[in-house]
Structures are given as C-alpha cells and as structure tokens.
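S.K.: Chain by chain, the residues run as shown.
Number of protein chains: 2
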Amino acid sequence: MVKVKVAVNGYGTIGKRVADAVAMQDDMEIIGVSKTRPNFEAAMAQQKGYDVYTLADRVGSFEEAGMPAAGTVEEMVQNADVVVDCTPGGMGEANKALYEKAGSKAIWQGGEDHELAGCSFNANSNYEKALGRDFVRVVSCNTTGLCRVISPLDREFGIKKVRVTLLRRSADPGDIKHGPINAIVPSPIKLPSHHGPDVKTVLPQIDITTTAVKISTTLMHLHTVNMEFTGECTAKDVEDVLGKQPRIRFVGQGITSTAEVMELARDMFRPRSDMWENCVWNESISMYEGELYFFQAIHQESDVIPENIDAIRAMMEIETNAEKSIAKTNKAMGI
Amino acid sequence: MVKVKVAVNGYGTIGKRVADAVAMQDDMEIIGVSKTRPNFEAAMAQQKGYDVYTLADRVGSFEEAGMPAAGTVEEMVQNADVVVDCTPGGMGEANKALYEKAGSKAIWQGGEDHELAGCSFNANSNYEKALGRDFVRVVSCNTTGLCRVISPLDREFGIKKVRVTLLRRSADPGDIKHGPINAIVPSPIKLPSHHGPDVKTVLPQIDITTTAVKISTTLMHLHTVNMEFTGECTAKDVEDVLGKQPRIRFVGQGITSTAEVMELARDMFRPRSDMWENCVWNESISMYEGELYFFQAIHQESDVIPENIDAIRAMMEIETNAEKSIAKTNKAMGI
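As they're listed, the protein sequences go chains A and B.
Residues in the first sequence are numbered from 255 upward in steps of one, following my numbering.
Residues in the second sequence are numbered from 255 upward in steps of one, following my numbering.
Since the hints were made in silico from the structure, they are not lab data.
Check before you lean on any hint, since a few could be wrong.
No copy labels: a pair is met if it fits in one copy or bridges any two.
Result set (DSS-like, lysine-lysine): computed pairs, CA atoms no more than 27 angstroms apart in a straight line [what the hints assert, rightly or not]:
| # | residue 1 | residue 2 |
| --- | --- | --- |
| 1 | Lys585 | Lys415 |
| 2 | Lys414 | Lys444 |
| 3 | Lys578 | Lys350 |
| 4 | Lys444 | Lys498 |
| 5 | Lys490 | Lys444 |
| 6 | Lys498 | Lys414 |
| 7 | Lys444 | Lys415 |
| 8 | Lys302 | Lys383 |
| 9 | Lys350 | Lys257 |
No experiment lies behind these values; they were computed from the predicted model shown.
Could you build all of it, start to finish, from the sequences and the hints given here?
M.R.: Next up, the structure:
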C-alpha cells in the first residue's frame, strides 16, 4: 500500500503531536515538518528522524545552529499529499496560496475561520463532509470536545437546546508568556461567546449558547454542560450512549479534578502524558427538572490530534466510513 | 439613643469585618469579640480597642502571650443583645445553647444549616422575615450574591428558571492551607450543586439549578448567570433594574477580570480593600433566544458584611423597613 505523504507546517504544540500520531499509522507517513526557529523542538524533531524544513530566509539560522534544514517549506509542501497546517491561529490563511500552487490538500486548525476551508470537521459528527475535499478545518479543542458529546446525544434523543460554561485554561503548561496567575477573566465579556457558533460550523442544526471564562490553570479546560432534549431520556440513557463513544472516557475512582486526570494520563505512559479523549465524570451525569447536566474535562493540547488523522483519511478517501477510520486511528494510538 | 450591644464570636475572616462594620454604625456598638488563639488578629483587635474574650481554657494562653483576655466567651455573650457567630462553618451549632441560656439573640453565617436558625436572610430579599426574631442565618457569600440579582428581577419580571455556574475561589488570600494551585475541581461532582437549594432558603419560589467548580484563584468568585422569565423584558430593562439596586456595582472601563475589580477596591481605599457589592459586567448583560445571560464577581470575604448589619437591625426592630436599613448601612460604610 502506498502511504499518504503528510507534511506538518508548524511543529509546535499541535504540530508535533500530529506528526507523532501520523507516524503511528500504517497508511500514512511524515515526509517533513517545518519550524521557523532552530530551537529544542526542532532539535527533537531531527532526533526523531523527521526531515525539518524552514522558511527560505531562515535556512541560514538553522545552518548556524548546527542543525541544517532539509529544505524550504515550499519544497516540503510540493512533496506532500496533505499538509497539516499547525501554524499559530490566524497565520494559516496566508499559506493557502502556497498549498493551492503546489496542488496539495491542506488541513487547518480551529484558530482559523471556517470560511478558509469551507468545511469544519469532527470525525464522529460529519466525517462524510470531508470525503475527497482539498481543504478541511479541524475545529478547536473546545469545539471538538463539545461535538463529541452533542453529536451522539442529538442522534439518539434529539437536542432542543445546549447551554455550556467553558472554564478555559489560560496558558499551556510550557507557556511562560500568558496569564492570569490569580484571577478569573470573563472572555469574552459580551455574551454569548463565539464557541456556540463554532459548534454550529460542524452541527448547524444544534441550538447552543456558550459562556466562557479564562482561569489560572494550565492543565485542561472544563465544561459544565446543560442540555434539553426533544425526546425522553434518563441520566442512565445518556450515560449508556456516552459510554459507547470511541473518544469519551468516564473518570471516577478518586479522580476529582483536572490534575488527577492528567496524573492518570502520565500513569498510562501516554506520549507527552496526553489525554486524547473527553473525560466525563459519569457520576456528574444528572437529569434535573427534565434537563441534563454533566462535567467534562478537555485536554487542550491533544484532543484534536486523532481528529486530524481521521481528516487526512477522509480527504484522501482511503477510508470512507467514519467508524472504521476512528477505530483504526484509536487502535494505532492506543486509545 | 441606646445602642444595640453586639458581640462577635469568632474574630476571623468574617468576624473582624462584621466588628468593623458594626463600629461604623451609630445605632449599634461592639461590646466584645472572641478569639481562640492569641495571634496577630487578636493583637490587632486589642489595638483597635475591642475587648477580646476567649474560651475559659484559653485564658492562660492569652495571659502568657502578653495580651490578657477581657474575660470568657460566656461573659461576653451575657452582656450582648445580639451575638454574631462567625465561628468556622459547622461549629456555630454547638453555641446555640450558650446563646439561649444567656437570652441573647444570635446570627449565624452561611456555613451553618438553615434549620439551626429557621430563618435565612438577605436584606433586599426577605428583611421582614427577620423582624423581632431571636435567631437568623445570613446566607453565604455566593447565595447572597445570587439573591441580590434574583430577588429584584423576580419582583420586576417574574423568573421562570435560573441556571448558574459558580466559579469558586479555592482559598482566601491569607490562606496557605488550601488548593488547588493548578487544577479545576468540579465541586460537588454530583449535580446539581447545593447552592440552588440554599438560594431557596431565602427565595423559596425560585426555580434554580447550580453547578460549581473550584479553581486556582484567591480573589473572588465569579458567577455565569442564565435566566428565563415569565414576563417580557429586554437586556436594557434588566440593566435598568440591576443598576438601581443598592448593593450592585456595574464594572467596565477596562475592568476585565476579578483582579482588576480588586484593584479598584484598593484604589477606593476600602477597609481591607473589600468589595461589598456584587460586581456585574453590564456589558455582559445579554438576551439571547429569550434568555438572559450575564457575569458577576462576588467578593467572598466581604459581601455578607452589610447583610449582617441589616440582620441586627431587623432582629432588634430598630428599623422595620428594609430599604431604610440598607440605605443606612450603605451610608455608614460608604457603599
């Protein structure tokens, strides 16, 4: 079998994880990753055996740092069937012409606008929309986490209304630039937040309103979810449906916080101690006055990674069935 | 005018603030405060001129520390018209027999059960219920903050349903015992949380469900509030009603977080940099699909303080009108 040639443009928080996840699959391979600076992440990429490319005007700085680049980003893109663009949010748009010129397909991340790709993707929600497409956007960590619970519950019971408060980590663990260190920041202050409309780029039929707050933590986001249904269901029915989902993990057994979820991921020897699944406290799943409530934790650095793999498979049409692609990705990654 | 004799049993976070607020009023006075340990707070109380009492078996330790006690808690209680019990949550119940024996009225804080006093109090919601009572419970900081917004909006428009997510500070600024330092803790995990039922001890007619999460911050709580009404109203109508409330402050002008709210309180030279009012981001007040959304910040150490003053006035019936008591308290404290 000829493997799909994947390039990762932007080897940062998401890019390095996508590269490693691609390398775990038997139907795709990494033909290169790109980096703008010859830092420790670039050095690690070379040590792992990835060809590291850079911008044409940065080739010299990689040379000087003793880690010569394999070539320019343009050269990398020309050799790729699919480029996964993991450049910082808002920067990916400028790369579209490059991908079009090279004739390579491209995946952007949730930091870019829906319109850039015209197709926003979550494997369990709308895999078939990405089949054969040249451009796809894998939605953000929070939107991915919401689609994973909304989509199956809507299919099963019919959703009338979703209300979510998103408690957002303010910085990633390796980030020393952002705050707050001791405050709660309504973000945005104007309500409702943009997260609801972002879910609708994947699930346009869902009536959802969201509020979001940034808080002094780095580990995970947490969602408090409230739903009303058009059909009848009990907390047990909801638990049964969520328990069957391929990327939802129930947590309990003394796991009372995001810190303990991350400790679990470390004990599992997950690469980078990542938690790719939504972590739902099944003890929290409650029906009260006809409305559902539950808590879920979302690992902002990694939950979109398996979704990127599925997006590649859908765009290349090497697997046309969502369930089969999800199962294949999960098996390869050990989910 | 004879001043009401007030004793504060437990001179900690709430107790020291209640004592200072009582001292600001012209119709009541502090006749003593109690402390179990001769620490810096006890020393500060003596420096301020308060008579400091202690438990009978602690008199010796105060003597040794060079700050002799004015007497025992029993003696203090016997001299008081009203004792404000600010002992740690759950400990106030054991003091009830003491107050009954001395024939003094007593106020407990939100950490005690409603049943202990039989009357849970918020000045703007149910002042008249406390008139002449011997025992009253001033509800917790979060419940106070919720009653202050729910009560006037229910009177004006009729509330059908309230849904709140409470983001709770995990420790007070002076507390070095509690965490988390970097995590989000659903608390309680079982939903809905006990905060909704606590609001109903003051406003039994309100249909409210709450979810609560502890986060890594010390400054303030933050509430994301969602309401449905039986009557018609716009965001502007809600803003007009909340803007007229005596203990609600609108924040904006570059105040984007709880940290900046606290900075404002410091710049106002408030005692202990306290913020006694609910701080509502009026920019956040929104109507979306017929439902109201807004954010408010609640200073956990101080929002109940003016409520304790009003409770004293109601119980002693020196003022039978809620609005007049609230206005008098606010004026004396500079709210």
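S.K.: If a hint holds in the structure, say so; if it does not, say that too.
M.R.: Now for the hints, and whether the structure bears them out:
1. Lys585 <-> Lys415: Cα proximity of Lys585 and Lys415: none, with 34 angstroms in one copy and 45 angstroms across.
2. Lys414 <-> Lys444: Answer is both: 24 angstroms inside a copy and 23 angstroms across each meet the 27 angstroms cutoff.
3. Lys578 <-> Lys350: Answer is neither: 30 angstroms inside a copy and 66 angstroms across each miss the 27 angstroms cutoff.
4. Lys444 <-> Lys498: between (36 angstroms within a copy, 21 angstroms between copies)
5. Lys490 <-> Lys444: between (36 angstroms within a copy, 14 angstroms between copies)
6. Lys498 <-> Lys414: Only inside one copy: Lys498 and Lys414 sit 22 angstroms apart there, 35 angstroms across copies, limit 27 angstroms.
7. Lys444 <-> Lys415: both (20 angstroms within a copy, 22 angstroms between copies)
8. Lys302 <-> Lys383: neither (34 angstroms within a copy, 72 angstroms between copies)
9. Lys350 <-> Lys257: within (24 angstroms within a copy, 77 angstroms between copies)
In this structure, the hints that do not hold are numbers 1, 3, 8, in rising order.
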